[in-house]
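Engineer: Single-letter residue listing:
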Amino acid sequence: MLKLAPALTLTLMLGPVAAGLFGTLLPAAGYVPALGGTAMSREPLRLLLGQPGIGQSALLSLGTGLAATLGAFTVVVLFTAAFEGSRFFRLLRRLLSPLMAVPHAAAAFGLAFLIAPSGFVMRLLSPWATGLQRPPDLLIVGDPLGLTMTLGLMAKEIPFLFLMLLAALPQADPLRSQRVAASLGYAPVAGWLTTVLPRVYPQIRLPVFAVLAYATSVVDVALILGPTTPPPLAVRLTGWMNDPDLSLRFMASAGALAQLGLSLFAILLWICGERLAAMLGRRWIEGGRRSAAERLIPALSGSAMALLATAMLAGLALLALWSLAGPWRFPDTLPHHLTLRAWMVHGPAAGDAIATTLAIALPVIAVAIALALACLENETRDGRPVQHRSLPLLYLPLIVPQIAFLFGLQILFLMAGLHDTLLAVALGHMVFVLPYVFLALSDPWRAVDPRYGHMASALGASPARSFWRVRLPLARKAVATAAALGFAVSVAQYLPTLLIGGGRVSTVTTEAVALAAGGNRQLIGLYGLLQMLLPFAAFLLAAAIPGVAHRRRADGEAAA
Amino acid sequence: MTDTRLLPRLMRGALLAATLALPLTVATGRAAEAVDPAAWNEVLAQAKGQTVYFHAWGGEPRINAYIAWAGEQVKQRHGITVEQVKVDDTANVVARIVAEKAAGKDSGGAVDLVWINGENFVSLKQSGLLMTPGWATKLPNWPLVDVENKPAVVTDFTEPTDGLESPWGMAKLVFMHDTATLPEPPKTLAAFAEYAKANPGRFTYPQPPNFHGSTFLKQVLATTIADPDKLSRPVDPATFEADVAPLFAYLDDLHPNMWRQGRSFPQNQPALRQLLADSEIDIAFTFNPAGASAAIAAGELPDTVRTFVLDGGTIGNAHFVAIPFNASAKAGALVLANFLLSPEAQARKQDPAIWGDPTVLAVERLETAERERFNALDLGIATLSPEELGPVIDEPHASWMVELERAWTARYASQ
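Protein sequences, first through last, are from chains A and B.
Under this note's numbering, think of the first position of the first sequence as 1, with each following residue one higher.
Under this note's numbering, think of the first position of the second sequence as 1, with each following residue one higher.
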């Protein structure tokens, strides 16, 4: 059975992507059987390139995506280098870990509520400091360069990368490395960057790529915070894909392929950057320098992280406050009064949406975790350390922009008679949940010292026993994190739920985005809060369960 | 422009190829049942027990609540369950129906009834994706519809409805201003531009191709075009540039004085209304003449907001419900469409405390008791009387909207 796990996983994960891409490729190539078989045409591509401002849209996607990823990565790495082991580090770890679970849309709304000209910060300062009775005419949200959008993406990706780094760190044994480096005269930051980072980076490389691919093709954050004249590429594609003028589909499909190329190009640039960084790093190490801006890095990275955590928390608090707000006009700092009206009116519908969300997410993560563990365990028993050939396959669902294959996927489910069902939506979510679960789980798993397993075998444990009693308990933290991450990913899915569910499957997120179109802040607050609370609960559980399990295990052993 | 009918053919081709590549069987739907609204008792019998998936824009909680009420009524009276599928853009529903057609799903479709008008309707009609033959004029409540005085109920953006969609409500562009900050609003487009020049940053419109944004463009076009008769015919590509030159000259002049200097735009009408509520702008607009009153009642706008129309009239149209060719619950959809046309449902809809959407019925032709429902309505402090609403400027042919949106995007959204 275990032998089948990799094949089954790949089928579930890549089958829909491949089939969906197929359904995108044909129109992109202008393939029209009705016009004489396989007449390929470059017309859709020509139309795409002829779109006004298409180059700027593409540059925006590339620029904001790269900047957000590089920014998030730099802040996370430098912060960890400067503060690991400190009390400040533990505080932010506790604050940021749950924030990772917040869906992008909710985080973006929170940020908009905070920094928009009519937002909370301006209300705090008005009118006593600014003299303003009306919001200032400032282009903050939706600025043409996408700075606010980049900030929103960073705010959301920093907790993600931070958690990925934290999950991978124990395998790199950072504290002892630091101690050795210190004894050789290295200052803390320099010591971390030279001894820990090179070993921990390979483990967070896949999540970084996922972030990069996501940030260059994001739709929801771009809709909320991004520029609109023109918008980034993915937003325009979504618009064309949904345009009632059906002929735009050809161009949209060609654009979807261009988006794929753009995301891949961003990753290529990143890899070049990796090479460059490695080269410079080696030179630095060989040069024997023992310190690296030891004052500046902690100051900058520490304040960046603190500011970010504050902004995120404030934004989310604002979502909660708006969901309870009565009339709240500018420049009032607080609502005129609080009311449960939004919750009373929309509570029942929200309850249904929560039930549907759980009904999809829970089976999906159960299956995804089981499959991922089965694949990894199979790999361990085969004794092959890492299946290099299968790794790029894992990237695929995360690197292929959703819109590139969802339309084709929708048709696939229709053919199978599975459309509009929870099962179909769950299968659609699986495509996105599996890779994240795998990404979150595989490196920590592979980093578990194989000698524990060898030891168990030498003591006479069967492979199954050494899995359940040795390897799995060692990886329990990673398993819990991966499950919570999978849950968060499932909760946040918008396009797959909408398209595959035919609109009949209403999750917290589809409801939130549909209602967001109406601009009602009370409702945005309510659904944003729900979107946030569900994954938050999952991460709380993930943080609590391994500890409990460990304690019970320890108690059991003590009793025995 | 590519032939829009190519896509279904194309997708069928893609599907064929996919069938060869993948060992999957195409689900065979059950044979489409014939429904004839002329035999209404049979429709009622068939509809009993059906679930109608009503795809309707879900961005306005008041409207969602109204649809839920309508669902309860047909549940009690006819045993039909109504599920509103809240969509954020009706174009997504069109996309959905197209995908079903492409997959050969000629029955058992996901959409039973869709809230629609304008280019979405034209698109579905021209692609043959609506239930035929025309059914709306055979509904029992059809005789109550005011076809004479509201010609938009049978002509959707100059496209004859041919009974393929049933009118649900009327819309007319009205502007909103907060009397606390702007007691005397400008009443012509020229005065708008002057006002913006004197008060920069206090006016904007939703970004086309948003429906309300495009409507503002059409309002300007109808006022500035040299020969307004051209608007009732499809766009003539040869003269389009010249036809819209005065429109863009007007906008070129207006944009630098708009909110965010015209470099960013609200994305839809509720967002525009929110800007008015936040006092970021002085003038907003809506397609619902009672929209301001309804928003005041809901606490979304201050009670100092009033509405006005422009001298010379504003754009008006109707919105409809349509049944796709492959709907699963056609009988149920017919019964719901008929109920939505009933005086009871129409009067409730016109109540600003509920929704405030103007009726499509000829109120003076109704029986006394039914007429009273309408006469008893308090249309709200910010709603103009039918006389004050002024002349209606008809929607241009749907092709104008498409071309305008393209030209606007090329000019203002791609620097």
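These aren't lab readings, by the way, just hints derived from the structure by calculation.
Don't take each hint at face value.
[Stated by the list, open to error] Which chain B residues face chain A? A few, computed with CB under 8 Å, are given here:
no., residue
1, Ala95
2, Lys138
3, Ser279
4, Ala410
5, Ser414
[Said to hold, decoys possible] Computed list of chain A residues with no C-beta within reach of chain B, every gap over 12 Å:
no., residue
6, Leu175
7, Ile285
8, Ala304
Glycine is no exception: its CB is placed at the ideal position from the N, C-alpha and C atoms.
Engineer: Taking the hints in turn, state whether each one holds.
Structural biologist: Hints, verified against the model:
1. This hint holds: B:Ala95 has a C-beta 5 Å from the nearest C-beta of chain A, less than the 8 Å allowed.
2. At about 27 Å, the closest approach between the beta carbon of B:Lys138 and any beta carbon in chain A exceeds 8 Å, and the interface hint on this residue is violated.
3. Below 8 Å, beta-carbon pairs count as interface contacts, and B:Ser279 has one with chain A at about 4 Å; its hint therefore holds.
4. Interface restraint check for B:Ala410: the shortest CB-CB distance to chain A comes to about 4 Å, inside 8 Å, so the restraint holds.
5. A hinted interface residue such as B:Ser414 counts as satisfied when its beta carbon comes closer than 8 Å to some beta carbon of chain A; here the least separation is about 2 Å, so the hint holds.
6. Residue placement check: A:Leu175 keeps its beta carbon more than 12 Å from all beta carbons of chain B (closest about 49 Å).
7. Even its closest Cβ contact with chain B, about 47 Å, leaves A:Ile285 beyond 12 Å, as expected for a residue assigned away from the interface.
8. Here A:Ala304 stays apart from chain B, with its beta-carbon at least about 27 Å from theirs, past the 12 Å limit.
The structure fails to meet hint 2 from the earlier list, while all remaining hints are met.
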